[in-house]
Amino acid sequence: MRCFNTNQYSSITLHESRTDIYKRAWNFVGVVRCWRKGYRGMGMPKNPPPVRKPTSRQRQRTSANRPTSRQRQRTSAKRLKLRTTKRVPQCQRIRINPAGVNSTDLHPHPSHPRAGKSPSASRHYSSILPLTPNRSTPHLTTSASRSVSSVLKTLDPSDVSISRRPASEAEAEAACAPPKATILVSEKLGEVGLDVLRKFAHVDCSYSLSHEDLCAKISTCDALIVRSGTKVTREVFEAAKGRLKVVGRAGVGIDNVDLQAATEFGCLVVNAPTANTIAAAEHGIALMSAMARNVAQADASIKSEYWQISGYGMKHMGYYQPGPTTSKWQRNKYVGVSLVGKTLAVMGFGKVGSEVARRAKGLGMHVIAHDPYAPADRAHAIGVDLVSFDKAIGTADFISLHMPLTPTTSKIFNDDTFAKMKKGVRIINVARGGVIDEDALVRALDSGVVAQAALDVFTEEPPPKDSKLIQHENVTVTPHLGASTKEAQEGVAVEIAEAVVGALNGELAATAVNAPMVPAEVLSELAPYVTLAEKLGKLAIQLVAGGSGIKSVKVVYKSARGPDDLDTRLLRAMITKGIIEPISDTFINLVNADFTAKQKGLRISEERVTVDTTPDSPIDSIEVHIANVESKFAGASSESGEIVLEGKVKYGIPHLTRVGSFGVDASLEGNVILCRQIDQPGMIGNVGSILGEKNVNVNFMSVGRTGMRQHAIMAIGVDEEPDKDTLKKIGEVPAVEEFVFLSL
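Numbering (UniProt numbering), first residue to last: 1 to 744.
Source of the hints: derived by calculation from the structure; they are not laboratory data. Accuracy of the hints is not assured; some may be wrong.
Stated by the list, open to error - Pair ranges (Cβ atoms, derived): (1) Arg603 / Asp723: 35 to 41 Å; (2) Ser338 / Asp416: 29 to 35 Å; (3) Asn474 / Cys205: 39 to 45 Å; (4) Thr395 / Leu363: 14 to 20 Å; (5) Arg234 / Tyr207: 18 to 24 Å; (6) Ser206 / Met701: 56 to 62 Å; (7) Glu720 / Ser338: 45 to 51 Å; (8) Gly448 / Asp725: 25 to 31 Å; (9) Glu693 / Asn332: 56 to 62 Å; (10) Gly448 / Val295: 18 to 24 Å; (11) Asp195 / Ser304: 43 to 49 Å; (12) Asp204 / Glu606: 44 to 50 Å; (13) Asn697 / Gln599: 37 to 43 Å.
Unchecked claim - Cut-off 30 Å, straight-line C-alpha distance, at most; resulting in silico cross-link-like pairs (DSBU-like, lysine-lysine): (14) Lys342 / Lys423; (15) Lys598 / Lys391; (16) Lys538 / Lys648; (17) Lys351 / Lys303; (18) Lys554 / Lys351; (19) Lys694 / Lys538; (20) Lys423 / Lys468; (21) Lys632 / Lys423; (22) Lys632 / Lys598; (23) Lys729 / Lys411; (24) Lys538 / Lys411; (25) Lys551 / Lys361; (26) Lys538 / Lys600; (27) Lys180 / Lys361; (28) Lys241 / Lys303.
Every residue, glycine too, gets a C-beta built ideally from N, C-alpha and C.
With these hints in hand, go ahead and build the complete structure from the sequences.
So this is what it looks like as structure tokens:
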């Protein structure tokens, strides 16, 4: 490979005069000629041939034929337009690289004899010169272009890299565009949603991946879309090596995604909670109607008779034996019940529950509902009465479950719950399988307390083959078909696709279900107050009696810092999280807290009170006020009737410092028992002895009172959850007026 210096000939600008262009072209030709003759390192000739000046007569002729200023403007405009829009279409170009680094291969014109062949590695030239004369390019005259072209034809192809300019501006933009993201779709997704994804990114549809295959592939993907069948564990996020930015769950539940690991690795998790609402509600109504009229049992009976009597099954197995074509009609066995005039209890008055209530009202049913969070005015607008849990299950003829699966609702329908129900009640579940104790349901069916059950979801899916619940003759089952309609599948696909694309574009998704990454310095300062805010919210919601619903929450921050120095968005989000999450399947974070609160009709107001304390601590205390609700624990209500809780951070640990009008000092590190009592000797010993007899460890005990021998509140911290008998014994202590157990 021969080398020569072309640094000073690397470009030709539009601002150079014609004489300068001639000189540069001539010098370039001279350098190439020197290189061809073997004069290495000679560079540019020292004395290039001078340019001959025009004579006076030539100047006169030039002046006479010189265009006017108007003509020059038009010509310049035409040239500029041609350069910016057409840019020498189909023009080859040569690039010179003085440094001699490796470059792309030769790409000659298709008509070139070497077209289609693979030349050796070439230099990548930094100067771009047209190989064919172009009148729209004023860089060189025709003669100069011809001279340069004749020289370039003699160059060794191994020293030249020739490429083609884009045929259109669209191709040029596509060539300069940044690389697209890669989205892995591991389970079946609607084609409409895939079209949305393909407009933004490369889509890899790899279905039925094993866990090992998913871990091997995920490091090349920016986003992952799953349904309920793919487990996105911590190992998946570790295998992604920081590239995975978004995980999209095509549906509502995210039990198969490790949210904690996703947050630690900075990965946003989004879901599609609204698209399948109508489909789930319709399926609930369909199951209720089919169960009431024994549709599934009658259908199976008739088909089994035809199968056995006519030999239909044996025919398909090759052992056909003719038989009669009629069967027994068991009309008396499958007499059903009517829906008109019956009472339907909707347990969970969210999106799906409210839609089921609307349709049940159209069937002539009386609808009641239980939801500790739903506002009463929204229920009354549909014609639904909000009642307590015990009243709902005790008066209903049909019970439709639409509550989320949380630690509070897990197996909430158990033997004790079934014992409170009206004999002959019928249960429909299209929500979550874990809210029902399936063994207890079988016992209730056998005893006749529950006449029938229609189930679309189960604790284990698919259920075991030997499941007594599935085989029970009074149970109608479907394989989790709540969202299985064409319309719902398309809606879920579009919703999750738009959420994933928006998240990859850096937009804040309202359906995000995990907490965003917080700067380390902010998190380290607010960490104990974040925990305090969430626990105050959890305590407050457990003190609210069902039936009325929460409409507004006021949060009071007492701090020595000014409003501009105190960002309370994260604290407000955590209070919202503590209030909503225990009674809902919605996951709250800084992104979706305000959106979720507004969607559920909850108004959260904030108030800042300046106190004379050290500004080193961002917050002195946090108060949570809930108005216009009934309290399970009367001692938590202030003189104005609001439920009031106050907390502080002491030695880095959240503490409960006020309940209603009573001052307490309770560490919020475990479960808490609150007792309102008459202040008298021996109370601490009596309650402590009851807990000690049941091996319940007490980690602290604090008493706050209004005056000597007057009302007092005793806060007891326990490591274990006492059983019902233990709590009952505490309530039977003569001086104890009321008590409540609060789980944290």
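Here is what the structure says about each hint:
no.	hint	verdict
1	Arg603 / Asp723: 35 to 41 Å	holds, 38 Å
2	Ser338 / Asp416: 29 to 35 Å	holds, 30 Å
3	Asn474 / Cys205: 39 to 45 Å	holds, 42 Å
4	Thr395 / Leu363: 14 to 20 Å	holds, 18 Å
5	Arg234 / Tyr207: 18 to 24 Å	holds, 23 Å
6	Ser206 / Met701: 56 to 62 Å	holds, 58 Å
7	Glu720 / Ser338: 45 to 51 Å	holds, 49 Å
8	Gly448 / Asp725: 25 to 31 Å	holds, 28 Å
9	Glu693 / Asn332: 56 to 62 Å	holds, 57 Å
10	Gly448 / Val295: 18 to 24 Å	holds, 21 Å
11	Asp195 / Ser304: 43 to 49 Å	holds, 45 Å
12	Asp204 / Glu606: 44 to 50 Å	holds, 45 Å
13	Asn697 / Gln599: 37 to 43 Å	holds, 41 Å
14	Lys342 / Lys423	holds, 14 Å
15	Lys598 / Lys391	holds, 29 Å
16	Lys538 / Lys648	holds, 15 Å
17	Lys351 / Lys303	violated, 37 Å
18	Lys554 / Lys351	holds, 25 Å
19	Lys694 / Lys538	holds, 26 Å
20	Lys423 / Lys468	holds, 21 Å
21	Lys632 / Lys423	holds, 29 Å
22	Lys632 / Lys598	holds, 25 Å
23	Lys729 / Lys411	holds, 25 Å
24	Lys538 / Lys411	holds, 20 Å
25	Lys551 / Lys361	holds, 25 Å
26	Lys538 / Lys600	holds, 17 Å
27	Lys180 / Lys361	violated, 50 Å
28	Lys241 / Lys303	violated, 55 Å
Consistency with the previously given hints fails for numbers 17, 27, 28, ordered from lowest to highest.
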